[in-house]
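Student: Since the structure of chain A is provided, determine the placement of chain B on it from the hints.
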Amino acid sequence: MEMRLRNYPQFKIHLKCKRFPSSKFFPKVPFLNRKKVTYCRELSIRSEFANWGMQMLTKRIIPCLDVLNARVVKGIRFKQLRDAGDPAELARWYDEQGADEVVFLDIGASPEGREAMFGVVERTARQLFIPLTVGGGIRSLEHIGRMLHSGADKTAINTAAVENPELVRAAAKRYGSQCIVIAIDAKLVGGGKWEVYTYGGRKPTGVDAVEWARRVESFGAGEILLTSMDADGTRAGYDLELTQKIASAVSIPIIASGGAGSPQHIYDVLTATEADAALAAGIFHFGVYSVGDVKRYLHGRGVPVRL
Amino acid sequence: MVRIAIVDYGVGNLHSIRRGLEIAGAQTKITHEPAEIAAADAIVLPGVGAFKSAMQELGANLDIIRQVVSAGRPLLGICLGMQLLLTWSEEGGHAEGLGLIPGKVVKLPRIQKVPHMGWNSLKIEREHPFLAGIQSGTHVYFVHSYFVRPEDEVAVLATTTYGIEFPSVVVRGPVIGTQFHPEKSSGAGLQMLRNFVGIAGSKKVVR
Chain A
14 MEMRLRNYPQ
24 FKIHLKCKRF
34 PSSKFFPKVP
44 FLNRKKVTYC
54 RELSIRSEFA
64 NWGMQMLTKR
74 IIPCLDVLNA
84 RVVKGIRFKQ
94 LRDAGDPAEL
104 ARWYDEQGAD
114 EVVFLDIGAS
124 PEGREAMFGV
134 VERTARQLFI
144 PLTVGGGIRS
154 LEHIGRMLHS
164 GADKTAINTA
174 AVENPELVRA
184 AAKRYGSQCI
194 VIAIDAKLVG
204 GGKWEVYTYG
214 GRKPTGVDAV
224 EWARRVESFG
234 AGEILLTSMD
244 ADGTRAGYDL
254 ELTQKIASAV
264 SIPIIASGGA
274 GSPQHIYDVL
284 TATEADAALA
294 AGIFHFGVYS
304 VGDVKRYLHG
314 RGVPVRL
Chain B
17 MVRIAIVDYG
27 VGNLHSIRRG
37 LEIAGAQTKI
47 THEPAEIAAA
57 DAIVLPGVGA
67 FKSAMQELGA
77 NLDIIRQVVS
87 AGRPLLGICL
97 GMQLLLTWSE
107 EGGHAEGLGL
117 IPGKVVKLPR
127 IQKVPHMGWN
137 SLKIEREHPF
147 LAGIQSGTHV
157 YFVHSYFVRP
167 EDEVAVLATT
177 TYGIEFPSVV
187 VRGPVIGTQF
197 HPEKSSGAGL
207 QMLRNFVGIA
217 GSKKVVR
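Taken in order, these protein sequences are the chains called A and B. Here the first sequence stands for residues 14 to 320, numbered as in the numbering used here. Here the second sequence stands for residues 17 to 223, numbered as in the numbering used here.
Next comes chain A alone, as it looks inside the complex:
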């Protein structure tokens, strides 16, 4: 299906559904919203980039490190812990391995741990040459500012955003939306609905995940880091339905998280949903697959990645 955009008549746009490539009938595609197509949703344009000879953004592969008292650990289903090294060293190693970004998640709750994190971030920033996102217990504008000043490129906020949405607005205004990632932990409640959880997945909020995603976008969030609590730690694949529901509801980038057990899972989430990036922890930390393995797998199947 070919169309032209009202505001940019010089561009011819070929629309194709990524999920059902041979389909000519847009109205029948369940998640492709016609209104969004008119205003140029990324999905429609990306699927036809070859026709335009267009270069485009690659899908990002992002290792995540859980950090406790300046050491890397790995939680499974947010519970058991296993030690795995120095955050700065590990981040630098991931950069060498080809990771597009790195996320540090401070899973400790103590003030000492929080304070130690600034030092970790500063040390890391001095040896890391890819974007660094830091999250975990970030509660205030000052905390965000200090984290950015220490060397984080982006800060991820979860609980604080739910309890005080104005913080998102203020942070986006002060530091720029591109520095503000809203982390959303969501659990299926049934009937195609997911509930937002806070406090590291411990407290149900009664808030609908899709609604919340829309709200944070309107407040100025630059990106959403979406974790499926049901899939997290299972190594059985990402929650594709949840990811697509959120990705299709907003226009800001979505980083999918929770459930990666193989390169195939990452391929699935990056092709069957509109997620812009895939975050994974366990499969990289335990050396089962390297970032390179994943990227070669994706590249071999036509997914645009930075090699």
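Where hints are given, some of them may not hold.
[Claimed, not checked] Once the Cα atoms are required to be at most 25 Å apart in a straight line, the calculated SDA-like pairs of lysine to any residue come out as:
no., chain 1, residue 1, chain 2, residue 2
1, B, K129, A, V316
2, B, K129, A, M69
3, B, K45, A, R159
4, A, K186, B, K129
5, B, K129, A, Y280
6, B, K139, A, M69
7, B, K68, A, V316
8, B, K45, A, S163
9, A, K206, A, A185
10, A, K186, B, L124
In case anyone wonders, no lab produced these hints; they're calculated from the structure. Small disclaimer: the values here were computed from a predicted structure and weren't measured.
Tutor: Relative to chain A, chain B alone:
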């Protein structure tokens, strides 16, 4: 040893730029002191945030930067730092820039999601020591909502496509600008920082 001043005008964190330049063999100083900037062999103008406020923050250093450049010393503008090099920007209506590269800064059309954030590739248009060792197709990290339109096409060293084709590396005499962040572009970015240190070093010898 080449001494590079990284202009600190309260925007963004400079740890990675500093470290990248140091690894490339330069002696760096993060400063907003006009005297220190004037004394450096080369300047790096980083930048994150809004055009107008950045120009205001630069204050007295605006003239120092112009002086350093007219003396032939290299200047590398990164992201907003690159945009500040142009004559003016339509950000916030109209904002005057440094005018070191004739042209203007305009908003990215909403053909694709704005801001342009993530890894995109470079298409090398002309050869230049700054791009030594870099091939077309190399991915670098972008995060911006505006792009530059230099008046002179010759100024464009590399372009990137995101809905439209825009200049990702520009040059005019000793002034170089990158729309992307070399300090966030892993190995390729470090190579370019290394090249910049090399350029600064060769200019120093000539002086």
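Student: Each of the hints needs a verdict: does it hold here or not?
Tutor: Hint by hint, here is what the structure shows:
no.	hint	in the structure
1	B:K129 x A:V316	holds (19 Å)
2	B:K129 x A:M69	holds (11 Å)
3	B:K45 x A:R159	holds (21 Å)
4	A:K186 x B:K129	holds (19 Å)
5	B:K129 x A:Y280	holds (22 Å)
6	B:K139 x A:M69	holds (12 Å)
7	B:K68 x A:V316	violated (39 Å)
8	B:K45 x A:S163	holds (17 Å)
9	A:K206 x A:A185	violated (28 Å)
10	A:K186 x B:L124	holds (20 Å)
Violated hints, listed in ascending order, are 7 and 9; each of the other numbered hints is respected by the structure.
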